[in-house]
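Chains as they are written, first to last, in full-length UniProt numbering: chain C, 1 to 639; chain R, 1 to 639.
Don't read these hints as lab results, they were simulated from the structure. Any given hint could be a false lead.
Since the list gives no way to pick out one identical chain from another, each pair is judged satisfied if it fits inside one copy or across any two copies.
Straight-line alpha carbon distances no greater than 30 Å define the calculated DSBU-like cross-link-like pairs of lysine-lysine that follow [what the hints assert, rightly or not]:
1. Lys27 to Lys115
2. Lys27 to Lys11
3. Lys307 to Lys128
4. Lys566 to Lys512
5. Lys178 to Lys76
6. Lys373 to Lys6
7. Lys133 to Lys566
Protein chains: 2
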Amino acid sequence: MNANEKFIAAKAHVDEAAIAPLPNSRKIYVEGSRPDIRVPMREISQADTPASFGAEQNPPIFVYDCSGPYSDPAAKIDIRSGLPALRQQWIEERADTELLPDLSSEFGRQRAADKSLDELRFPGLHRKPRRAKAGANVSQMHYARRGIITPEMEYVAIRENLNREQYIASLRASGGLKGQKMADMMLRQHPGQNFGASLPATITPEFVRDEIARGRAIIPNNINHPESEPMIIGRNFLTKINANIGNSAVTSSIAEEVDKMTWSIRWGGDTVMDLSTGKNIHETREWIIRNSPVPIGTVPIYQALEKVNGKAEDLTWEIFRDTLIEQAEQGVDYFTIHAGVLLRYVPLTANRMTGIVSRGGSIMAKWCLAHHKESFLYEHFEDICEIMKAYDVAFSLGDGLRPGSIYDANDEAQLGELKTLGELTEIAWRHDVQVMIEGPGHVPLQLIKENMDLQLEWCKEAPFYTLGPLTTDIAPGYDHITSGIGAATIGWYGTAMLCYVTPKEHLGLPNKQDVKEGIITYKLAAHAADLAKGHPGAQIRDNALSKARFEFRWEDQFNLGLDPDKAKEFHDETLPKDSAKVAHFCSMCGPHFCSMKITQDVRDFAAQQGIDEAEALKKGMEVKSIEFVKSGAEVYRNV
Amino acid sequence: MNANEKFIAAKAHVDEAAIAPLPNSRKIYVEGSRPDIRVPMREISQADTPASFGAEQNPPIFVYDCSGPYSDPAAKIDIRSGLPALRQQWIEERADTELLPDLSSEFGRQRAADKSLDELRFPGLHRKPRRAKAGANVSQMHYARRGIITPEMEYVAIRENLNREQYIASLRASGGLKGQKMADMMLRQHPGQNFGASLPATITPEFVRDEIARGRAIIPNNINHPESEPMIIGRNFLTKINANIGNSAVTSSIAEEVDKMTWSIRWGGDTVMDLSTGKNIHETREWIIRNSPVPIGTVPIYQALEKVNGKAEDLTWEIFRDTLIEQAEQGVDYFTIHAGVLLRYVPLTANRMTGIVSRGGSIMAKWCLAHHKESFLYEHFEDICEIMKAYDVAFSLGDGLRPGSIYDANDEAQLGELKTLGELTEIAWRHDVQVMIEGPGHVPLQLIKENMDLQLEWCKEAPFYTLGPLTTDIAPGYDHITSGIGAATIGWYGTAMLCYVTPKEHLGLPNKQDVKEGIITYKLAAHAADLAKGHPGAQIRDNALSKARFEFRWEDQFNLGLDPDKAKEFHDETLPKDSAKVAHFCSMCGPHFCSMKITQDVRDFAAQQGIDEAEALKKGMEVKSIEFVKSGAEVYRNV
C-alpha cells in the first residue's frame with residue numbers, strides 16, 4: 001500500500017482519537033517568571049475515599065504531559081496550520097539569529113519550487129528559515145556556558161518538578177493529625193540506588209543550566225522548530241522515551257505518519273524520530289515538525305542515501321551537508337550522526353553473528369570500504385558542528401556498530417565505536433554543541449552495566465540514549481518486552497532516554513496499535529528506572545494509584561495508570577461494571593483486608609493512652625479480637 | 001456467566017488449538033538408563049543457510065517441552081481418560097506405598113458418593129488412592145538423603161541437559177575448518193554473573209540428588225499424580241515459570257480451566273496452579289490433574305474456606321487437614337501453605353498502603369485476629385509435614401504478607417514472615433519434606449536484590465518462587481510487563497521459579513489469550529535470567545535464532561522463537577509473504593550487511609597467507625575495497 005497518492009494537503013485533518021479527552025484529566029499550565037512561560041501538565045482528579053475507608057479527600061496529582069495543545073480543549077487544532085510558535089519570542093529576544101531570504105539548502109529550494117508537490121505540501125508555514133548570525137552560536141549549551149538561563153531552561157525546570165509543591169500543599173491542607181499522617185504516607189518513597197547520579201529534590205533553572213553547561217543534559221530545540229515545548233534529556237532528570245515513526249518504500253503515507261506522531265505524544269513519547277525512507281521524505285517531515293510539540297530527531301543519512309539512489313559509495317560530504325542544512329532549516333531538533341564508524345572497526349564485525357544491523361552504520365561501513373578511508377562524517381565532524389550550532393541541533397551520536405544479537409553484545413567493534421563517540425563528544429563540546437550518545441541494541445542483563453559504566457567514563461556523562469537493549473533474542477513478536485526489561489535496567493543505571501521497541505521489531509513496520517504498545521511499555525520501564533534511582537517524587541503516582549486500588553476506587557485506579565482506556569476495557573471485559581466494584585471480584589490481588597483498619601485503630605488507641613506502642617498493640621489486639629468477632633469478622637467489605 | 005451447568009463430562013474434549021502441531025517441530029524422547037525413562041523434548045529443524053551466506057547445514061535444536069503427550073502425534077488424547085500413568089512403575093518398585101481401599105478424606109468420599117455430580121465428574125480414574133506405608137516417607141528428598149537416585153532424578157537430569165550433546169555432535173559433524181568455526185560460534189556464550197549459583201556444564205543424576213538432598217531443589221511429584229513428567233525447581237537449574245488458572249464464583253467452567261491448562265503447557269508453563277474458588281472445586285481439580293503432565297499446585301485454604309461458607313474464623317485444623325488429604329489423594333504436587341502469617345506480624349501491616357493482598361494471607365490474618373492466637377497452620381506444621389511426606393507433596397510456603405504496592409515493599413511484615421518461613425523450612429527439612437518459598441509481589445528494582453539475598457540466607461537456599469515482582473504500580477493493563485522486568489531481574493539473582501502475571505492482573509480473570517501473553521512474557525524473562533546467570537547452553541537458542549535472522553531464514557526465525565504463530569502473523573501483516581523475504585524490508589534491525597562476508601573472506605585470506613592477522617586485515621581491506629566496488633557494492637542482498 002502506498003497511500004501517498006491519496007494524501008491531499010487540503011483535506012488533512014487531525015486524528016480524532018489523538019485528541020479525545022483522557023478521563024478525569026485537565027490540562028493545566030504552570031506559569032514561570034514571565035507570562036509566556038506556561039508549562040503544561042496533566043492534572044488527574046480523584047474521588048474521595050469512601051466513608052468505610054476514612055472519607056479522605058484525595059487531591060489531584062500532576063503528571064508529565066507530552067501531548068501539547070492536542071489535549072487542550074481551548075486550543076484550535078488544525079494540522080494544516082500547525083502549532084503556534086511558542087518559543088519564537090524567546091529566540092527573537094536573544095537577537096543572535098536572522099531570518100534568511102530563502103532556504104539555504106539546494107534540495108530544499110528544489111522541493112519548494114516543485115509545483116507537483118503543491119498538493120501534498122504542508123500549507124501552513126509562512127515564516128522564513130532562521131539561522132544564527134554569522135559567528136554566533138545559538139545552542140543552549142553555549143548560553144549555559146556563558147551563565148545565561150534561557151526561558152527554555154526555566155521551562156524544563158518547572159516541567160521536571162511536576163507541580164509537586166502544589167500537590168504537597170493540597171495534601172497538607174487536609175489538616176489534622178490524620179491529614180498529616182496521610183500526607184507523610186503519600187509522599188514517602190524508598191531510597192534509590194542511583195549509581196552516582198545527582199538528583200536534587202527540586203530542579204532549579206540554575207541546576208538545568210549547570211547540567212547543560214557540563215554536557216550532562218541537553219534540550220533539543222532547533223530555532224526553526226519554535227512550536228516545540230522544551231524538554232530535557234539527562235541522567236539527573238526524569239527518564240525520557242523516544243518513539244520511532246516513519247514511512248518506508250513499501251508502506252505508510254504522510255497522514256499515517258502525522259497520526260502516529262500525535263498518537264505517540266498522547267501516550268507519552270517525549271521525542272519522536274522520523275525515520276522515513278520512502279517517498280516524499282522532505283514533505284512528510286515538514287508535516288510532522290509543524291505539528292509536533294516534542295523534539296523531532298532524524299537520521300539524515302537516510303535521506304542523503306535516497307538522493308544518490310541508494311548507492312552508499314556515491315554519497316559525498318556536499319550532499320550530506322546540504323541534507324543537514326535542509327533538515328536544520330525545517331526544524332529537526334537532533335540528528336543521529338554515525339561518525340564513529342571508523343574504517344578500522346569494520347573488520348571487527350567479521351566475527352559477529354549478525355554483522356552490522358544499524359542501517360546508518362551499514363551505509364557508512366559500506367562507504368568506508370568502497371573508498372577505503374574514513375567517512376566524511378568523521379573527517380568533516382567540525383564542519384558538522386558549525387551547522388549544529390547555527391540552528392541548535394543536538395547530536396545524537398549514532399551507534400552504527402551496535403550489536404544486533406546477544407552474541408555480539410559488548411564486542412570490540414561496539415566498544416571501539418563507543419570510545420570514538422567519546423572523543424567526538426569532546427570535539428562537539430569544544431563547539432558548545434549539545435550531544436547525546438546512542439547505545440545498544442541486544443545485550444544480556446549481566447552485560448548491561450558495563451555499557452553504562454563505559455559510556456559514562458568515555459563520553460564524560462553525556463546523556464546516553466539506548467535502543468532497549470533486548471535481553472534475549474528468542475521472542476520475536478515480544479521484543480517490546482525483551483527490550484523493556486533491558487530498558488528499565490539501563491535506565492536505572494543512568495540512561496537518560498530510552499528508544500522504544502514495538503512488538504513488530506524484526507518483523508514489520510509498527511502500526512498505531514504497536515506504537516501505543518511500545519510507548520506504554522517504555523513509559524513503565526522509564527518509570528521503573530526513576531523509582532529505582534530514587535528520583536524525587538517518582539513514587540507519588542504509584543502511591544496514589546495503590547491507595548486508589550486498596551480503596552476500590554476503580555475509576556481512579558484506571559485514570560492514574562498509563563493507559564486508562566485499556567485498564568477499563570480489561571476490567572469491564574471480565575465483569576459487569578457495577579457489581580464488580582466490590583472486593584471479592586478481584587482476580588488475584590487488591591482485596592481489602594480490614595486488619596489494616598483495625599490496626600490503624602490500635603495505633604490511635606496507643607496514641608490516646610500515651611502508652612508504649614508495642615504494649616498498646618498487644619492490648620489493642622486483645623480488645624480488637626473480641627470486637628472483631630462481634631462485628632461479623634468481615635475481611636472483605638463492599639464499597 | 002457460569003458455564004458449570006452446561007459442562008457434561010461425557011462430551012468433554014480436548015481444545016484443538018492446544019494440540020495443533022508447532023511448525024517444523026518434532027516430539028522426541030531421550031532415553032535414560034531404562035527404557036521407561038523417556039524424556040520429551042521438542043526438536044526444531046532448520047533450513048540450510050542460503051548459498052549466498054555459505055550454504056551451511058543448520059542442525060536442529062532441542063528445546064524444553066512442557067506440553068506432554070498433547071504434542072505427540074502418536075499419543076491418543078482423550079481428556080475423559082486422562083494421561084497415562086508414566087511414573088506408576090517407579091512408584092510401585094519402591095515398595096513403600098500402598099493402595100487404599102477408599103479415599104481417606106471425608107469430604108472426598110462425600111463428593112465421590114454424590115450422584116448429582118456424576119454428570120460432570122471425571123470418568124477416567126480407575127485406580128485407588130495411594131499413600132506411604134505406615135512410617136514410610138516417600139518424598140524425593142528422603143530418597144535423596146539416603147543416597148538413592150530415583151528415576152525421577154535421572155529424568156530431570158536428562159531433561160535439563162536439553163540433548164545438548166546431540167546438538168554439539170551434529171554441529172561438529174559438519175566437518176572441516178569452517179564447520180568447526182561455525183560450531184565454536186554457535187556454542188559460544190557470554191560469561192554469566194551468577195551471584196553464587198553452582199551451574200555445572202552437564203547435569204548428572206547425582207547432582208540432582210545432591211541438590212534435592214541439600215534442599216536447594218525440589219521435584220514436585222505426588223505419588224497420586226503418576227501422569228506427571230518430572231521437572232525440577234532450583235536455582236542451579238533452568239529457571240521455571242508457573243501459570244495460575246482457576247475458576248471463580250462468577251466466571252469460568254471446568255472445560256475452560258482444562259483448556260487453560262493445556263494451553264499453558266503448550267506455551268511453556270512448567271507448573272500450573274489451580275486457584276479455583278468457585279463451584280465444584282474438587283471436580284475441576286480432578287479433571288486438571290488427570291490431564292496434566294506438569295505438576296499442579298493449589299492453595300488448600302481456598303477450598304477449606306468454601307467448606308465453612310467463607311467464614312475464616314470458622315476454619316479448624318480438622319477441616320484443613322481433611323482438605324490437605326483430599327487434595328493429596330487427588331495428586332496435587334505442591335501446596336501453598338501460609339504458615340508464616342503470625343499474630344505478631346498482623347499489626348505490622350497497619351502502616352501499609354495496601355494492607356494484606358494475599359488471599360490466603362488475609363484469611364489467616366483474619367483467623368489469627370478472631371481467635372487471638374497463632375494459626376493452625378503454624379501450630380500444626382509438623383502434622384502437615386506428616387501428610388506431605390506420605391504423598392510427596394512439596395511445600396510452597398506462602399508469602400501471605402507480601403507487599404501489594406511499591407510502597408509496602410520490603411517492610412517489616414514481609415521480612416518478618418520471610419524469616420519465619422526460613423524457620424519452617426528447617427522444620428520441614430527435618431521431616432525430609434521438599435520446600436520452596438514464595439516471594440513478592442510489588443518491589444522496585446533497587447530493592448529486589450535484598451529480597452533474594454535475605455531469602456537465600458534465611459531460607460538456606462530453598463528454591464525461591466516469586467510473583468513477578470512488579471516494579472511499578474502505575475500500569476494496570478500491562479502488569480505482565482511491569483512484573484516481567486522484576487521477574488527477569490530476580491531470576492538473574494537466583495529465583496528458581498517465576499509465577500506469571502497476566503495483562504489482566506488487578507483488573508479481571510485472565511482468558512486464554514491473557515494466559516498465553518503471561519506465559520510468553522515469563523518464558524522470555526526466565527530465559528533472560530538464564531542468560532544472565534550464564535546457565536550452560538542457554539545462549540544456543542539465541543545464537544541459532546540470530547543466525548537465522550541474519551541469513552534471512554524467516555521461517556526459522558519464527559520457529560525458533562517462543563511464539564512462532566505471532567511472529568509469522570506480525571510479519572505477514574505488514575508485508576506480503578514472498579516479496580518480504582529480502583533484506584530491505586526489515587523495519588529496523590536485521591539487514592544483511594555483507595561487510596561481514598567480506599571481512600570473513602579477509603580472515604580466510606589471512607589464514608591462507610600465514611601472515612599476521614592485523615597486517616592481513618589491512619592488506620585484505622585494500623584488496624577488498626577494490627573488489628567491493630567492482631562487484632557492485634551491494635550492502636543488501638536478496639536471498
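**Report entry** Unsatisfied constraints (hint numbers, rising)
**Finding:** 1, 5, 6 and 7
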